[in-house]
Amino acid sequence: MLMYCLSAASVGIQSFCLHVVTFTGFEVTVFRMSSEQPLIHMQRLMLRYPTGKTALSGLTLDIEQGQFVYLVGESGAGKSSLLKMLYGGVRPSSGLLVTQQIDMRDASESRIRDIRRRTGIIFQDHKLLFSRCVFENVALPLRVQGWKTERLIPRVRKVLQYVGLEDRLWSYPEALSGGEQQRVAIARAMTANPAVILADEPTGNLDVETARSVLDYLMDLNKQGTTVIMATHDLHLLKSHPGRVVQLHAGSLAGDYSEY
Amino acid sequence: MIPDKINPRLPGGFNLPPFGVHQILALIIVCISLWAVGTLWLGMQAASQWVGSWQDDIHIHVYIDGEKSDITKSLEQELASIAQVSSVRRISQEEAARWMQEWLTGGGLEQHELVKRLPVTFELSLTDEKSEFLFADIRDTARRFGAQINEDEVNLAQVHDLLSQVSYLAWFASLILAIAMALIISNTLRMTLLARADEIHLMRLLGAKEWFVRTPFILEGMLLGAGAGVLAWLLLWPVVLGVGGWMATMQVDLNAWVLLLPLLFGGGIVGTLGAVIATARVVSRETSV
Ligand SMILES: Nc1ncnc2c1ncn2[C@@H]1O[C@H](COP(=O)(O)OP(=O)(O)OP(=O)(O)O)[C@@H](O)[C@H]1O
Ligand SMILES: [Mg+2]
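Heads up: the protein sequence lines correspond to chains A and B, in order.
Going by the UniProt record's numbering, the first residue of the first sequence is number 1, and it counts up by one from there.
Going by the UniProt record's numbering, the first residue of the second sequence is number 1, and it counts up by one from there.
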């Protein structure tokens with residue numbers, strides 16, 4: 001009986017501490033969070049690929065709505081694997097992963113679809129369709145959700161205006177520079193107005209200046225309330241664009257710094 | 001707002017994928033196959049009309065030696081009692097001889113000689129030559145009296161049997177060709193699907209419903225098949241017009257119109273089938289992020 005109380009108390013303290021961290025670590029947006037549940041909740045999360053490779057293990061982590069999270073760690077640490085799990089690209093092997101109130105381990109295909117529609121993804125290789133113009137690329141997330149072409153145009157225009165590419169609406173991606181392509185990828189990730197943006201090394205092959213400007217956009221979106229989770233190797237960006245840093249090492253959590 | 005020269009072609013939904021050289025090739029191949037099927041059925045149509053035109057007035061002849069008149073009498077009665085025999089006419093040797101002499105004009109045959117050698121002939125009119133045991137019955141009856149049945153006429157009367165066997169073959173050939181066409185269309189669509197694998201994968205990552213991803217390809221398959229069907233039907237007209245005169249001499253009036261809907265829908269179904277086969281294998285494979 002006594003043991004039970006003690007352990008219950010310690011759990012209480014733990015979650016209390018966690019909240020303190022997040023409260024101090026993040027501004028007013030946290031207060032807007034009505035429910036107790038964090039946006040993303042992981043508990044002893046484990047991912048083993050069919051090849052037998054354990055990419056992630058024992059991951060316990062909460063991400064609140066409105067946070068800006070950097071995922072760092074050496075190559076092969078499991079950053080991409082974690083992001084992939086967050087949009088249902090792979091299912092957890094064991095443990096708990098709840099994203100936007102949906103348990104990803106046994107979520108149905110249609111639940112996964114719902115999550116993907118509320119998630120903007122920026123891929124490391126940006127996955128732009130080179131046979132389609134910028135407009136079509138950026139409009140795709142909305143098209144997938146059934147928007148009519150006439151309704152798409154103003155929205156796409158606005159989003160491209162945001163990343164400063166409104167004059168390239170009808171260009172093809174191959175006519176754009178790497179940085180511009182990355183901005184198109186950001187525009188595509190934000191068209192559907194997602195609650196979360198997952199970015200896998202969006203600054204991967206950009207020079208420092210362009211990388212900074214990409215980060216500016218993501219930070220700005222974050223200020224407007226979007227949760228951003230970004231895997232990166234560019235640690236120098238943390239100085240100019242601070243955020244919560246989650247460090248992975250060989251598939252497990254190696255550090256969690258609320259403010260770098 | 002959209003510049004004139006640009007036509008936004010967004011993937012997915014009811015938007016058709018672009019039509020390329022592969023599709024045109026598939027269209028031609030499927031069109032030729034459908035044309036072959038159409039010609040086959042036109043041939044069946046002609047054959048059944050032709051058979052029908054002379055089958056109505058077919059008669060079976062039974063021959064018996066004319067010496068014993070009591071036997072010929074009872075044979076006549078027995079033959080008339082067979083259910084599908086509507087009437088039995090006795091053709092006397094004299095009539096047969098006259099008829100024969102007309103036929104072999106100036107053969108120099110002696111009428112009396114001929115009459116003596118000719119058998120008595122019974123001409124049977126039939127109500128239903130499709131009846132199963134009719135010819136066996138007539139043959140048995142004839143044998144019991146030592147008479148003979150004209151087997152050539154029996155074979156002709158039974159041509160409809162042959163015709164229905166041929167129509168099984170025609171169905172079989174159509175089915176085989178349909179499967180081949182479905183595979184050709186599915187193969188063409190697989191090439192398109194492979195070329196657009198990125199797009200399909202991306203649409204799934206963005207939360208597209210399965211029908212949204214697959215419908216364009218199914219539609220394309222259906223259109224390909226139906227288009228090939230209509231084209232094949234149009235190509236039947238030269239055939240119909242070309243052999244029409246010759247067919248008319250055989251009292252056959254070919255009707256290509258009845259083949260329009262079968263070819264259109266047949267093509268459409270075959271195309272859809274091919275598309276379903278092609279898209280069934282487009283599984284979501286997760287590559288790296
Ligand atoms: N589809 C897969 N099948 C099997 N193993 C995989 C697969 N994807 C990744 N892995 C393995 O999982 C581990 C984690 O890979 P992951 O891509 O998550 O690393 P990462 O942290 O993103 O690395 P990088 O910084 O190089 O992108 C690696 O050892 C990798 O070999
Ligand atoms: Mg990676």
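Think of the hints as simulated: they come from the structure by calculation, not from any bench.
All values derive from a computational prediction rather than experimental measurement.
For glycine and all other residues, C-beta sits at the position ideal for the given N, C-alpha and C.
Mixed in with the good hints, there may be bad ones.
Said to hold, decoys possible - To give a feel for the contact side, a few chain A residues facing chain B, derived at Cβ under 8 Å:
(1) Ile121
(2) Leu140
(3) Gly179
Structure-based check of all given hints:
{"no.": "1", "hint": "Ile121", "verdict": "holds, 6 Å"}
{"no.": "2", "hint": "Leu140", "verdict": "holds, 6 Å"}
{"no.": "3", "hint": "Gly179", "verdict": "violated, 20 Å"}
In terms of the numbered hints stated before, the structure departs from hint 3 and from no other.
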